[in-house]
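These protein sequence lines map, in sequence, to chains E and S.
Just so we're aligned, residue 1 is where the first sequence starts under our numbering, counting upward by one.
Just so we're aligned, residue 1 is where the second sequence starts under our numbering, counting upward by one.
Just so you know, not all the hints are guaranteed correct.
In this list, chains with the same sequence are indistinguishable; a pair is considered to hold if it fits within one copy or across any two.
List time: in silico BS3-like cross-link candidates among lysine-lysine, alpha-carbon distance up to 30 Å [stated by the list, open to error]:
| id | residue 1 | residue 2 |
| --- | --- | --- |
| 1 | 152 | 219 |
| 2 | 120 | 152 |
| 3 | 120 | 219 |
| 4 | 120 | 38 |
| 5 | 32 | 219 |
| 6 | 120 | 32 |
| 7 | 38 | 152 |
Derived from the structure by calculation, the hints contain no laboratory data.
2 protein chains.
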Amino acid sequence: MAKETKPAKAGAPMSSSHRAHAQLREQLLRSKFLPGQKINEVEIATSLEISRTPLREALNRLVAEGLLVDRGRGFSVPGLEPEMVFDLFEARVEIECATVRLACERAEETELEGLSDFLKESMAESPDASVDRLIELDIRFHDTIAELARNKVLRQTLSNLNDRIHLIRWIAMEGRRERTQSQHREILDHIRARDTAAAIAAMREHILHRNEDILEAIKAAYGHVYTRSSA
Amino acid sequence: MAKETKPAKAGAPMSSSHRAHAQLREQLLRSKFLPGQKINEVEIATSLEISRTPLREALNRLVAEGLLVDRGRGFSVPGLEPEMVFDLFEARVEIECATVRLACERAEETELEGLSDFLKESMAESPDASVDRLIELDIRFHDTIAELARNKVLRQTLSNLNDRIHLIRWIAMEGRRERTQSQHREILDHIRARDTAAAIAAMREHILHRNEDILEAIKAAYGHVYTRSSA
DNA sequence: AAACGCGACAGTGCATACACATTGGAATAC
DNA sequence: GTATTCCAATGTGTATGCACTGTCGCGTTT
Numbered sequence: 001m002a003k004e005t006k007p008a009k010a011g012a013p014m015s016s017s018h019r020a021h022a023q024l025r026e027q028l029l030r031s032k033f034l035p036g037q038k039i040n041e042v043e044i045a046t047s048l049e050i051s052r053t054p055l056r057e058a059l060n061r062l063v064a065e066g067l068l069v070d071r072g073r074g075f076s077v078p079g080l081e082p083e084m085v086f087d088l089f090e091a092r093v094e095i096e097c098a099t100v101r102l103a104c105e106r107a108e109e110t111e112l113e114g115l116s117d118f119l120k121e122s123m124a125e126s127p128d129a130s131v132d133r134l135i136e137l138d139i140r141f142h143d144t145i146a147e148l149a150r151n152k153v154l155r156q157t158l159s160n161l162n163d164r165i166h167l168i169r170w171i172a173m174e175g176r177r178e179r180t181q182s183q184h185r186e187i188l189d190h191i192r193a194r195d196t197a198a199a200i201a202a203m204r205e206h207i208l209h210r211n212e213d214i215l216e217a218i219k220a221a222y223g224h225v226y227t228r229s230s231a
Numbered sequence: 001m002a003k004e005t006k007p008a009k010a011g012a013p014m015s016s017s018h019r020a021h022a023q024l025r026e027q028l029l030r031s032k033f034l035p036g037q038k039i040n041e042v043e044i045a046t047s048l049e050i051s052r053t054p055l056r057e058a059l060n061r062l063v064a065e066g067l068l069v070d071r072g073r074g075f076s077v078p079g080l081e082p083e084m085v086f087d088l089f090e091a092r093v094e095i096e097c098a099t100v101r102l103a104c105e106r107a108e109e110t111e112l113e114g115l116s117d118f119l120k121e122s123m124a125e126s127p128d129a130s131v132d133r134l135i136e137l138d139i140r141f142h143d144t145i146a147e148l149a150r151n152k153v154l155r156q157t158l159s160n161l162n163d164r165i166h167l168i169r170w171i172a173m174e175g176r177r178e179r180t181q182s183q184h185r186e187i188l189d190h191i192r193a194r195d196t197a198a199a200i201a202a203m204r205e206h207i208l209h210r211n212e213d214i215l216e217a218i219k220a221a222y223g224h225v226y227t228r229s230s231a
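Let's have the full structure, built from the sequences with the hints guiding it.
Okay, here's the thing in structure tokens:
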């Protein structure tokens with residue numbers, strides 16, 4: 001399950017701009033660039049060993065995805081403006097709830113069993129897994145639900161929103177390991193019981209939704225990012 | 001001397017790639033290109049009187065927005081695959097309902113009054129307005145609700161979804177003029193009464209949601225588009 | 001006549017070059 | 001010492017050229 005959404009050949013030699021897009025997305029998720037930082041095209045082009053032309057094509061895609069912003073002259077990493085982060089989390093809640101509802105209607109028993117097995121395995125390795133690994137598992141759980149909702153647009157939208165709040169989720173994951181796991185279990189159980197209302201309620205509770213909590217995560221994110229950069 | 005801030009927003013002299021993006025989006029919404037059609041870069045670059053470099057940057061943004069697709073070698077207009085259109089409408093329903101709910105909680109009385117006035121004016125000019133004009137009014141109504149929901153991400157997402165189903169909406173608008181208007185009125189009245197459940201229900205009913213209806217609109221769209229192209 | 005081959009063409013993907021804007025700093029004036 | 005002006009350096013936005021690849025037409029072969 002949770003196959004990647006690339007129907008193209010696996011190790012096929014993709015174009016430079018596609019590779020650049022994928023690599024930059026990865027680096028942005030990993031906070032290689034700081035919020036608000038300006039993007040130096042020649043520097044990145046050099047580091048990726050390509051020219052500026054395909055690089056700029058990738059940058060333009062990232063802008064359309066909200067992973068970069070276009071400031072008339074040059075690109076930069078979006079800042080962590082609280083209002084925007086609030087909006088992103090709120091939008092995520094709405095879409096996650098929609099996918100949960102649809103998954104309740106459409107998921108097959110065997111698929112839910114598979115997801116249950118996945119959760120069991122996740123819980124086994126959870127205690128001593130890295131935060132990166134935990135996030136990976138978390139994303140996989142939510143993406144699988146979106147897959148079971150049978151709506152590619154919602155799934156894609158959700159994936160994009162998650163990209164844009166990756167850092168904050170990363171920060172907030174610390175100290176919520178067991179809580180996250182048990183909530184996942186609860187959500188899944190409600191889906192398996194086809195209790196749509198309960199599943200939605202659990203999902204709504206599961207996602208960071210209190211603005212104070214989000215704000216705290218934002219502050220922690222700043223701390224994390226700057227100590228890391230100065231280290 | 002301290003100069004005032006630059007006109008970064010309005011009709012400022014935007015870059016070629018930005019202009020190209022705006023113009024192409026417009027042309028795509030107006031179905032200047034047929035579903036599935038391949039994009040010839042030199043031809044379009046010539047027609048827009050720019051070179052291929054900024055054009056390709058615009059094309060890449062449009063791909064990220066789902067208004068074009070990237071087929072390994074070259075770009076093309078997305079086809080009207082029913083599954084994708086179903087997904088788009090379904091996603092739209094979910095997000096519209098989310099914005100209606102939020103608008104119910106957050107909109108101020110004066111704002112709702114303004115929207116009511118807008119509807120009244122729309123109804124006045126409705127009987128003999130062009131379909132283009134009707135769509136414009138329709139979009140404005142829904143976008144205003146999204147604005148009242150106070151969530152830029154949801155609003156932006158909605159705008160993008162609406163772009164992607166613009167043709168189908170255009171087709172389906174014919175013969176639904178009064179129905180659309182009265183449903184808008186109904187939705188707004190529920191919002192003003194802060195009756196969230198009723199507002200959501202009305203919105204859900206308002207948006208094209210039966211797959212048979214959508215399929216019919218798709219067929220009509222093909223007819224529309226091909227007769228128009230051969231004319 | 002059909003199949004094959006091949007050469008010219010069309011069209012994309014990328015690198016490079018250039019024009020222009022912005023910025024930082026040094027030199028100079030006050 | 002501060003302010004100002006000018007120039008160099010930096011960096012973006014766009015045009016152009018080139019290489020490569022897929023395609024189509026036409027002639028050759030059997």
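Check residue 32 against residue 219 for me: Cα-Cα at most 30 Å, and say if that holds within a copy, between copies, both or neither.
-> Only inside one copy: residue 32 and residue 219 sit 18 Å apart there, 48 Å across copies, limit 30 Å.
Measure nothing new, just compare the shortest in-copy and cross-copy C-alpha distances for residue 152 and residue 219 to 30 Å and report within, between, both or neither.
-> Answer is between: at 22 Å across copies they meet the 30 Å cutoff, but 34 Å inside does not.
For the identical chains here, do residue 120 and residue 32 meet the 30 Å Cα criterion within one copy, between copies, both, or neither?
-> Neither, since 32 Å and 52 Å both go past 30 Å.
30 Å Cα cut-off: does residue 120 pair with residue 152 within a copy, between copies, both or neither?
-> The answer is within: 26 Å in one copy meets 30 Å, while 37 Å across copies does not.
When no copy is named, should residue 120 and residue 38 be tagged within, between, both, or neither for a Cα gap of at most 30 Å?
-> The answer is neither: 43 Å in one copy and 47 Å across copies each exceed 30 Å.
Measure nothing new, just compare the shortest in-copy and cross-copy C-alpha distances for residue 120 and residue 219 to 30 Å and report within, between, both or neither.
-> The answer is neither: 33 Å in one copy and 47 Å across copies each exceed 30 Å.
With identical chains treated as interchangeable, where does the CA-CA distance between residue 38 and residue 152 reach 30 Å or less: within a copy, between copies, both, or neither?
-> between (33 Å within a copy, 23 Å between copies)
Violation of the numbered hints given earlier is confined to hints 3, 4 and 6; the remaining hints are satisfied by the structure.
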